[in-house]
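> The lines below spell out each chain.
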Amino acid sequence: MSAASQPVHTPAAASSGFFRRYVFSTDHKIIGLQYYFLALLAVTTGIVLSLMMRIHLAWPQAHWPFVSGGILRPEQYLALMTMHGTIMVFFVLTTAPLGAFGNYFLPIQIGAPDMAFPRLNMLSFWFTFAAFVCMLAAFVVPGGAPISGWTAYPPLSGLGNVTGPGEGMGQTMWIVSIGIFCIASLFASINFITTTIEMRAPGMNLMRMPLTVWAWFVTAVMSLLSFGVLLAALIMLVLDRSGGTSFFIPASLVVNGELQAGRSGGWPLLWEHLFWFFGHPEVYIAILPGMGVTSHILSNFSRKPVFGYRAMAATLCAIGFLGFLLWGHHMFVSGMNPYSSLAFSALTLSIGVPSAVKTFNWLGTLWGGQIRFDTPMLFSIGFVSFFVTGGLSGIFLAQPALDNMLHATYYVVAHFHLVMGVAAIFGIFSATYYWFPKMFGRMMDEKLGKLHFWLTFIGAYCIFMPMHFMGIYGGIRRYSDWSGATYLAALRPMHEFMTVAALATAAAQLIFFYNFFRSLASGAKAADNPWRGTTLEWATASPPPIDNFAGAYPRVYRGPYEYSVPGAAEDFTPQHLPPEAMLVNEGARNA
Amino acid sequence: MRGSLAPGLLLFLALTIFVGITVYLFAIHYFSPPPPITMVGVQIDHQYDLTLYATGAAFVLAQLGLGWAVFRYRDRGKPARFTRGNTAIEITWMVMTAAVFLGLGALAAKSWAETRIAKASASAIRVDVTEQQFVYYFRYPGPDGKFGRIDPDLISAPTGNPLGIDPNDPAGRDDIVASTLTVPVNHPIELTITSQDVIHNFFVRELRLQQDAVPGMEVPLHFTPDHIGRYYIMCTQLCGMGHNQMHSFLDVVSDADYQKFLARAEAR
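As given, the protein sequences belong to chains G and L, one line each in that order.
Residues in the first sequence are numbered consecutively from 429, following the numbering used here.
Residues in the second sequence are numbered consecutively from 57, following the numbering used here.
These are calculated hints, taken from the structure and not from any lab test.
Hints should not be assumed to be uniformly reliable.
[Claimed, not checked] In the DSS-like style, the derived pairs of lysine-lysine whose C-alpha atoms are separated by at most 27 Å in a straight line are: (1) G:Lys875 / G:Lys953; (2) G:Lys878 / L:Lys316; (3) L:Lys134 / L:Lys175; (4) G:Lys875 / L:Lys202; (5) L:Lys316 / L:Lys202; (6) G:Lys953 / G:Lys878.
[Claimed, not checked] If you want a taste of the chain G side facing chain L, the calculated C-beta under 10 Å gives, among others: (7) Pro582; (8) Pro583; (9) Gly672; (10) Thr673; (11) Phe675; (12) Tyr767; (13) Asn789; (14) Phe801; (15) Leu806; (16) Leu879; (17) Met898; (18) Gly903; (19) Thr914; (20) Asp999.
[Claimed, not checked] Non-contacting residues of chain L with respect to chain G, defined by C-beta distances greater than 12 Å in every case (computed): (21) Pro89; (22) Leu108; (23) Leu122; (24) Asp230; (25) Val233; (26) Glu262; (27) Pro271.
The beta-carbon is built from N, C-alpha and C at its ideal position, and this holds for glycine as well.
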């Protein structure tokens, strides 16, 4: 790939007005930051919703201001839950890892001046923003937010407000919002895939790409193939709700005493198949970038190459591929053909293999290292711990015989929160602390970072470990309170414990926000390469100039993780350093 | 360099304490469910225990391995051990993991097949389960052993016909409709589960079984309870604002009590 094949870009001129430069910018760095701040706004909203849920679960008779009647009603709880899940999965976990960090760093890490389609990039962000506004609007339309969960199974979601409050306009806003989000994601995937294939710097072949780039690339391919299916399902759902069709609605339903006339031939499981065909790859879309970041950071701070780089790239691809074949494990007890459950089970257990290989290789990267414990490294170590814990409960859920007793209990809630709600978030935190100096030219405070890590690490385990036991005992999920069955009363103290832990852990996030914004304003100035990293983002200024490399696009001479190479003068050998420029200390130890 | 002792040690201690607490709570079967009341339930519990041992071992090794690695290999001012990996080790742990995971899956398949693929015994007592927001209805065929025809146009809970049984169908005249499920002990039972409105679920902890109730589908579920008692039936599939209140009871009774139940119901 020669420099002559790089598309000619005219980056936005520095002298443009405020709107052109910071609002409607086509610069991938600005767009990446826009995605990041959108994700911050979304995660704050999502956390507030979850705290309201947790307070209600621990103290169901608590008096709420601004709620008519004072006590939170079941439908209000279910609306909080639906919006919490939706906002977190889409606007945090699908937005920050790929949209924010991928956008910012993919071009720089491959030595490119921008994404392949900068205007499409800008459109992707603004569509995502519009989708978020539409989602928030669901709270304020008549009937309020939908109550059908982020999974929105029809007929609960398919018949309008006859099935429950929030299922009218609120559900419509939800559908429109996610539909817009799908389109934004499709645009973004096209950009990521094209950029990675077409715009790598000379010398950067596939086996010299940082694992972050591999992860973003596989994630983008997964997005491309899955969001289209979700969009199709949403269109079908809109038609069922407003167009008189019956994709998902069988004949002769009687809801609330009313016969639903004019419907026939629909099958609710069709939605489940379509939704989960998207939904399962979606959760890998949420975690894969974090895995790439973890490999990248563990290597940087252990001062060792990634253990088994080829295997790490191959397992990202394997997880991406296998992730499309597993969706039925969400449907073991749905009434689906039981033979297909056995097939989905075998495939689900198989994806545990590349995931385990990645874990072993992370340990292998640490083994024999000289580990520095800066905050980005602490969060990456935390990622490994939470990924192991959360991933192992998946082995139980992957067996349909066990799913008979664990499906839709708090055991599942523990599983997906540990992998998505904690491990993926730790990936976002470690990426933030790691790349903050590059993005903003300032260092974050180390002491506050370490305090944030420890409180969050302990707090997150306190919140989510008890959920395993609740689930095994028979604690059902999506219950607005546990007064329905007497046996659930025994779990009240556990709910209180988890709520106190959640409140404390949420409070600890204020340390992060304070650190982030104070460092933006007055943090110590950052050098070009504060972490002594080898990849191309560290070869340019902090923050990078508008075209990323001030016209001096790098050429790549070696792999991305050449740390502590025997015979080299430094304990890191950057990718772009020509061999003749390297200082070699014959027979001497590395610094 | 010197500053790496504290965080390395702290991580090692934190992970060790975490592993200790977790293993302890699982080992004492903290908040385990009530014992199963079917033979298959016992098998399912056994499979759960097997999975717990395997994943427990992996959990302990991985978390303690992580803790040990970050403590032992903290920065001490020496060069790191340069290696790109080890293909032999990679293949070994890949094969071992695959064997354990797929082995567990293969063992679990038997219990699944017994509950879902194998047909119910021909002598099973058949009960239709119809769910709706937010109640359960259980229909028995009555002495003639036949279920009456259902017509959705006739559904009217307020006038005593919540399932829409056709009054002109003689087979339906002796159908029994109850709001709890009463069955005799040690007898095979076959449920046919459906819903009138949205997706619901039928879950009994002690049976170690659950099945979604899908409108437009009739899904069979069979079991043979071997212990007399009253057990909660819970709805686990989000079905609307009354989801958390939607439950019923499975009453497993003696043969004599079951005959009394049928007689009382028919007398009405």
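> Each hint should be assessed against the structure and marked as holding or not.
We went through each hint and held it up to the structure:
1. G:Lys875 / G:Lys953: holds (17 Å)
2. G:Lys878 / L:Lys316: violated (69 Å)
3. L:Lys134 / L:Lys175: Given pair L:Lys134, L:Lys175 is violated - Cα atoms ~67 Å apart, limit 27 Å.
4. G:Lys875 / L:Lys202: Outside the cut-off at roughly 75 Å; violated.
5. L:Lys316 / L:Lys202: holds (20 Å)
6. G:Lys953 / G:Lys878: holds (20 Å)
7. Pro582: Given a least distance of 8 Å, the restraint on G:Pro582 holds.
8. Pro583: holds (5 Å)
9. Gly672: violated (17 Å)
10. Thr673: With Cβ-Cβ at 15 Å, over 10 Å, it is violated.
11. Phe675: violated (12 Å)
12. Tyr767: holds (7 Å)
13. Asn789: Holds. Min distance 7 Å.
14. Phe801: holds (4 Å)
15. Leu806: OK, holds: G:Leu806 within 10 Å of chain L, min 7 Å.
16. Leu879: Status violated, d = 12 Å.
17. Met898: holds (7 Å)
18. Gly903: G:Gly903 check passes; min Cβ-Cβ to chain L is 9 Å, inside 10 Å.
19. Thr914: holds (8 Å)
20. Asp999: holds (7 Å)
21. Pro89: Per Cβ check, L:Pro89 is inside 12 Å of chain G; nearest 5 Å; violated.
22. Leu108: Check fails; 8 Å does not lie beyond 12 Å.
23. Leu122: L:Leu122 not clear of chain G: closest Cβ-Cβ about 6 Å, inside 12 Å.
24. Asp230: holds (24 Å)
25. Val233: holds (15 Å)
26. Glu262: Not fine: 9 Å to the nearest Cβ puts L:Glu262 too close to chain G.
27. Pro271: violated (5 Å)
Hint violations for this structure: numbers 2, 3, 4, 9, 10, 11, 16, 21, 22, 23, 26 and 27, all remaining hints satisfied.
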